[in-house]
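Visitor: Chains as they are written, first to last, in this note's numbering: chain D, 1 to 192; chain Y, 193 to 408.
Treat the hints loosely; a few may be bogus.
[Said to hold, decoys possible] Estimated spans, in silico, between C-beta atoms of each pair: (1) D:ARG47 with Y:ALA304: 27 to 37 Å; (2) D:LYS189 with Y:PHE386: 29 to 39 Å; (3) Y:LEU391 with D:GLY50: 40 to 50 Å; (4) Y:ARG217 with D:PRO39: 28 to 38 Å; (5) D:SER183 with Y:ALA303: 52 to 62 Å; (6) D:PRO128 with Y:PHE386: 50 to 60 Å; (7) D:PRO128 with Y:ARG282: 50 to 60 Å; (8) Y:PHE228 with D:THR141: 41 to 51 Å; (9) D:ASP26 with Y:PRO214: 35 to 45 Å; (10) Y:SER398 with D:GLY168: 12 to 22 Å; (11) D:PRO10 with Y:LEU218: 22 to 32 Å; (12) Y:ALA390 with D:GLN152: 40 to 50 Å.
In short, the hints are calculated from the structure, not lab data.
Backbone N, C-alpha and C define an ideal beta-carbon position, used for all residues, glycine too.
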Amino acid sequence: MTVKDRTSSPAELQWSAWMAAAQDGDASVYDRLLREILPMIRALVRRRLGASAAVEDVVQNVLLSVHRGRQTYRPERPFLPWLRAIARNAVTDAMRVERRRAEREVAIESLDAVLVASPPEPRGEELPAELVEAISELPDTQRAAVDLLYVQRIPAAEAALRLGISPGALRVRMHRALRTLRSHLEQAKRKP
Amino acid sequence: MRDTDRLIESIVRDLVPARRIPALRLAVVGVLGVGFVAAALWIGLRGARPDLAGPGGNWSANLIGLGLVAVGGLLAAMASSVPGRHTATRVGLALAAVGVALCAGAWGWVAAGGAPAHPRWDGLLSCTGAATLLAIPVGVVATLWIAWTAPRWPLASAAFASAGSVALGVSAIHATCPSDDPLHVLLWHALAPFSGGALLWLALVSLRRLAVRRFG
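Please construct the entire structure, taking both the sequences and the accompanying hints into account.
Guide: Structure (structure tokens):
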């Protein structure tokens, strides 16, 4: 009997086996695992963030981190400390980003607010012409981020998954894209 | 909540088998093994000090200190890249701290007897430079591990890996370098994990970014 067998609950042992199967590519077991650990992740995030609106975003980031780091789980080790470490890191990241945003990103936030507050435009061609033009001039990586988040309105975690980058990298990409867009739009406004 | 369900569906839809990382213990032994092979080749090529059995307490304390920084630094680098391995990370950092204290103590002991005031700059290349070159294979393997895993602080993990690799390299240098000059040992041996490590860190950070971009 291993240390893991002695210290883990039956549910944890089950999750550990499921994660091992998921590492081997078993999608149905992986789906079951992610749905079973979801309430625990949500509770863990709520405990740290309180009743913040960002809870569900952070929960999604945790799921994404679990997925991106699934190769780091070793089946002979307990599952929960591994999962908790990932969740804790995601919560800490979220808190840091929130603090930084409050401190430094006021200007970008205001543009962010303008873009979000504008009438929901599910398709690119329905956006204002100058915005479409400014978006088309963005570098490919930034344009893809804007397209997924603002044009197709896909949640950040899923957009990060589609682009194959971390949520943090997506935030940086989006931050740069918004800065470029702002300067393009300001230049366009100044033109007679 | 619907978004979260959608995310799970996307994650599961795109699932591909993931190659599981080896056990941390095995990986650390493997990385240290690469370093020991490089060190043995260097010692074989240059020839060990004739008085290797015991040139003095100061020399031995430095060697043990550098060895601890090497093992501790590499353990911390690799453990800090795996979620949930906090204890192993702390053990690594503690070992490295003991190593640094030993080297500092050895220096203080010699300096109390009156250390020479003028360092010879040739040690910069022949000892620190050579140690940094010797550290490259270990540093590269440790960095590939960091790129493969999920480090919380990639830059810090790369820094531990750099310092550990150079400490391993400079341990081999220490076993072959004929100089007993305390200032030479301090500047070009004991401080090499920091000076050479900083240089190696720049290269390893770029290598990690490249590896992450290439292999995801």
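Visitor: All hints, please: hold or fail.
Guide: Checked hints:
1. D:ARG47 with Y:ALA304: 27 to 37 Å: 53 Å, violated
2. D:LYS189 with Y:PHE386: 29 to 39 Å: This hint is violated: roughly 52 Å between Cβ atoms.
3. Y:LEU391 with D:GLY50: 40 to 50 Å: 45 Å, holds
4. Y:ARG217 with D:PRO39: 28 to 38 Å: 34 Å, holds
5. D:SER183 with Y:ALA303: 52 to 62 Å: Given about 57 Å between the Cβ atoms, the range holds.
6. D:PRO128 with Y:PHE386: 50 to 60 Å: Hint holds: Cβ distance 55 Å, inside 50 to 60 Å.
7. D:PRO128 with Y:ARG282: 50 to 60 Å: For D:PRO128 and Y:ARG282 the Cβ distance comes to about 54 Å; the hint holds.
8. Y:PHE228 with D:THR141: 41 to 51 Å: 42 Å, holds
9. D:ASP26 with Y:PRO214: 35 to 45 Å: Given about 21 Å between the Cβ atoms, the range is violated.
10. Y:SER398 with D:GLY168: 12 to 22 Å: Holds - the Cβ-Cβ distance for Y:SER398 and D:GLY168, about 19 Å, lies within 12 to 22 Å.
11. D:PRO10 with Y:LEU218: 22 to 32 Å: 29 Å, holds
12. Y:ALA390 with D:GLN152: 40 to 50 Å: 44 Å, holds
Against the hints set out earlier in the document, violations occur for numbers 1, 2 and 9.
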